[in-house]
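Q: Take a look at the letters that make up each chain.
There are 2 protein chains.
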Amino acid sequence: MRAVRHRFFVQDAGAPGATVVLSADESAHATRVLRLRPGAAIGVFDGRGREFAGVVAAVNDQVAVRIDAEVAAVPEPTVAITLAHAVLKGDKMDAVVRDAVMLGAAAIRPIVARRSETSVAALERGHRIERWRRVAVASAKQCGRSVVPDVLDILDFAPSAAWFDAAGLPAPRLVLAEPEAERLRPMPPARIEPPGGGRATLVVGPEGGWAPEEIQALESSCAAVTLGPRTLRADAAAVVAMAALFAVWGVE
Amino acid sequence: MRAVRHRFFVQDAGAPGATVVLSADESAHATRVLRLRPGAAIGVFDGRGREFAGVVAAVNDQVAVRIDAEVAAVPEPTVAITLAHAVLKGDKMDAVVRDAVMLGAAAIRPIVARRSETSVAALERGHRIERWRRVAVASAKQCGRSVVPDVLDILDFAPSAAWFDAAGLPAPRLVLAEPEAERLRPMPPARIEPPGGGRATLVVGPEGGWAPEEIQALESSCAAVTLGPRTLRADAAAVVAMAALFAVWGVE
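Residue numbers (this note's numbering), protein chains in the order written: chain Z, 1 to 252; chain G, 1 to 252.
If you are wondering where the hints come from, they were derived from the structure by calculation, not from laboratory data.
Some clues are possibly wrong.
Copies of the same chain look alike in the list, so a pair counts if it fits in one copy or across any two.
As the list claims (entries may be wrong) - Dumping the calculated SDA-like pairs for lysine to any residue here, alpha-carbon to alpha-carbon at most 20 Å:
1) K89 x V20
2) K92 x A122
3) K92 x R233
4) K141 x T231
5) K92 x A138
6) K89 x A57
7) K141 x E182
8) K92 x V71
9) K92 x Q142
10) K141 x G196
11) K92 x I129
12) K92 x D165
13) K141 x G208
14) K92 x E117
15) K141 x P194
16) K141 x A40
17) K89 x L152
18) K141 x P75
19) K141 x R50
20) K92 x R125
21) K141 x R233
22) K141 x A237
Quick caveat, the model's predicted, so the values are computed rather than measured.
Next comes chain Z alone, as it looks inside the complex (with noise of 0.2 Å):
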C-alpha cells in the first residue's frame, strides 16, 4: 500500500495556475472527514484521465484549492472493459460499481433483465443512478485512477446484438454464465482471446439468473466465459470475472 496524498474529483481543473473551487461534495469530504487547511498539499484530478498537485487555498463553505504542476496519472488498461450488469438486489450495486472501478473499468452500464426484481423507473424514482456516480467517484479517489467511470443510465435488456449496438456496448461481448449453461457453452477465462480492438463488454445477470429468452438471444450475440463450479455471490461476479480476464490478457 503505498502512501497516496489525499485525492479530490474536479470536473474542470483547469491546467496549472488555475483556482477551482471543490463541489459541496469534495468539500465536506476535505473538511469534515480530512480537516484539511489551508496549505494542504492534496491531488486533484478531472475524471477524464488528467491528474495534478494542489495546495488548499481557502476554506470556507466550499474549498478553493490553487492547481499547480500536472503529474503523471495511474495508466488506464489497455483494454477498455465496459461492464453491463444487471441491477441487484438492495444496495448491492454499490459494491459492483465500486470494485468494478477499482479492477479499471471503463464504463457501467446498468441494466435491467427479466429476473431483476425491479424496474427502470423504481430505479429512477430512487435516483440510483446519481448515487452509483458518486460511487464511482468514490473509488477513483481511493483506488487511484484519474478516470471516472461512465455510469451509464440504466436500460431494459432486450438481448440482441442490435440492442447491443444500441446500447453502446462494444463487442466482443462475454456473458458470465454457469459452466452447466449447456447452450452457451462457456469457456473458462484462459480460453477467451484478447480482444482485438482494445474493448470489450462484459455482461453479468442478476441474483436469478437470465430467463429462457435471455439466454437464447445472448447465445447469439455473447461468447459466454465461466469461473468455475462454485457459485459466486451475485455481487462480486464481475469484480472476480474482470480480474481473470485481465491476467490471462496480461492487461495491468
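Fit chain G to the supplied structure of chain Z, relying on the hints for placement.
A: Relative to the frame of chain Z, chain G by itself:
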C-alpha cells in the same frame, strides 16, 4: 445461478442410512431462517469433501436429518492455495475469509504483521478465530463447496523460509506487492508459473503494508505478484489475486 437445495454442514455425516443431528447453529438456520419442516429435502456436506442428499427427519430443539445417497461434490481447485493473510482492521477479515472460501482457498492462515494494528492475544480474547471459522462454514454453504477450508491458528509473522515451513505454508510462496515494490521485483500473474506440486501459498499484507524488515525477509522467501497500478482495497486484494492466478493457471 443454479437452483441450489439448502445445504447443511455436518462434521460427522456418517453414511447413507444414518440419522444425524445438526449443530445448534445449523439447526437455527434450518428452523428460524429457512423454516424447514420434517420431510424437506436438503443437502448435507461433511466439510472434508463428501456431499449427501438428506431429508429433515425431526425438528425439535435441534434438527435431525436422515442421510440418503452420497452425491457428487463440487470439484476442488487443482491447485491448493493456502492464504496467509495479515489481520485487517475491524471486521474486514470476515470478508477476506468469506471470499477466499468462495474462490476455492484450501486453507487460511491469519497472521499478525508488524503493521497489523492488533496482537494474537487481543484476537484470541475477541474469539476472532471462532468467528472466522463460522464465516468459512457459511461461505462453503453458499458457494456449494463440500470442503470447509481450515482457518488455522493466528501466528505472528516472522518472515523467513524457516517460519513458512514451521507455519505449514507450502512452497512456492507468492507475496502480493505494489508494482513499485522494487526490492521484491513483482511480476504480473501471467508470468507466474503454475505450481508443479499442486500447492502454493499466497501472502497478503495489512492495510499499512509491510515493514522494511519484513520486505527484506519476504524478498528471500517469496516470489512477488502485482495486480497492476490501481490501489486495491485491503479486503479485496486476496480475492482479486486468487481470481487472477487461478485464471492464468487454468484452475477452475
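Q: Against this structure, judge whether each hint is valid.
A: Going down the list of hints, with the structure as the test:
Within a single copy, K89 and V20 get their C-alpha atoms no closer than 38 Å, and across copies no closer than 36 Å, so neither meets the 20 Å cut-off. In this assembly of identical chains, K92 and A122 lie within 20 Å of each other by CA distance solely inside one copy; the values are 16 Å within and 32 Å between copies. In this assembly of identical chains, K92 and R233 lie within 20 Å of each other by CA distance both inside one copy and across copies; the values are 10 Å within and 17 Å between. Taking the shortest Cα distances, K141 and T231 sit within 20 Å of each other only across copies (10 Å), while inside one copy they are farther apart (31 Å).
In this homomeric assembly, K92 and A138 come within 20 Å of each other (Cα to Cα) both inside a single copy, at 16 Å, and across copies, at 19 Å. Proximity of K89 and A57 under a CA criterion of 20 Å is satisfied in neither setting, with 43 Å inside one chain copy and 34 Å between copies. In this homomeric assembly, K141 and E182 never come within 20 Å of each other (Cα to Cα): the closest approach is 41 Å inside a single copy and 24 Å across copies. Taking the shortest alpha-carbon separations for K92 and V71, neither the intra-copy value of 34 Å nor the inter-copy value of 33 Å comes in at or below 20 Å.
Within a single copy, K92 and Q142 get their C-alpha atoms as close as 19 Å, and across copies as close as 17 Å, so both meet the 20 Å cut-off. In this assembly of identical chains, K141 and G196 lie within 20 Å of each other by CA distance neither inside one copy nor across copies; the values are 30 Å within and 40 Å between. In the homo-oligomer, the alpha carbons of K92 and I129 lie at most 20 Å apart inside one protomer (13 Å), although the nearest pairing across protomers, at 27 Å, exceeds that limit. For the homomeric pair K92 and D165, neither the shortest alpha-carbon distance inside one copy (27 Å) nor that between copies (40 Å) is at most 20 Å.
Within a single copy, K141 and G208 get their C-alpha atoms only as close as 33 Å, which misses the 20 Å cut-off; across copies the closest is 18 Å, which meets it. Within a single copy, K92 and E117 get their C-alpha atoms as close as 13 Å, which meets the 20 Å cut-off; across copies the closest is 29 Å, which misses it. Within a single copy, K141 and P194 get their C-alpha atoms no closer than 28 Å, and across copies no closer than 34 Å, so neither meets the 20 Å cut-off. Proximity of K141 and A40 under a CA criterion of 20 Å is satisfied intra-copy only: 17 Å inside one chain copy versus 49 Å between copies.
Taking the closest pair of Cα atoms, K89 and L152 come within 20 Å of each other only inside a single copy of the chain (19 Å); across copies the shortest separation is 34 Å, beyond that limit. When the C-alpha separation of K141 and P75 is checked against a cutoff of 20 Å, the pair qualifies only within one copy, where the shortest distance is 14 Å, while the shortest distance between copies is 39 Å. Proximity of K141 to R50 under the C-alpha cut-off of 20 Å is restricted to the intra-copy arrangement: shortest distance 13 Å within a copy versus 45 Å between copies. For the homomeric pair K92 and R125, the shortest alpha-carbon distance inside one copy (18 Å) is at most 20 Å, but the shortest distance between copies (33 Å) is not.
In the homo-oligomer, the alpha carbons of K141 and R233 lie at most 20 Å apart only across protomers (12 Å), although the nearest pairing inside one protomer, at 26 Å, exceeds that limit. In this homomeric assembly, K141 and A237 come within 20 Å of each other (Cα to Cα) only across copies, at 17 Å, whereas the closest approach inside a single copy is 23 Å.
When held up to the earlier numbered hints, the structure conflicts with 1, 6, 7, 8, 10, 12 and 15 and fits the remainder.
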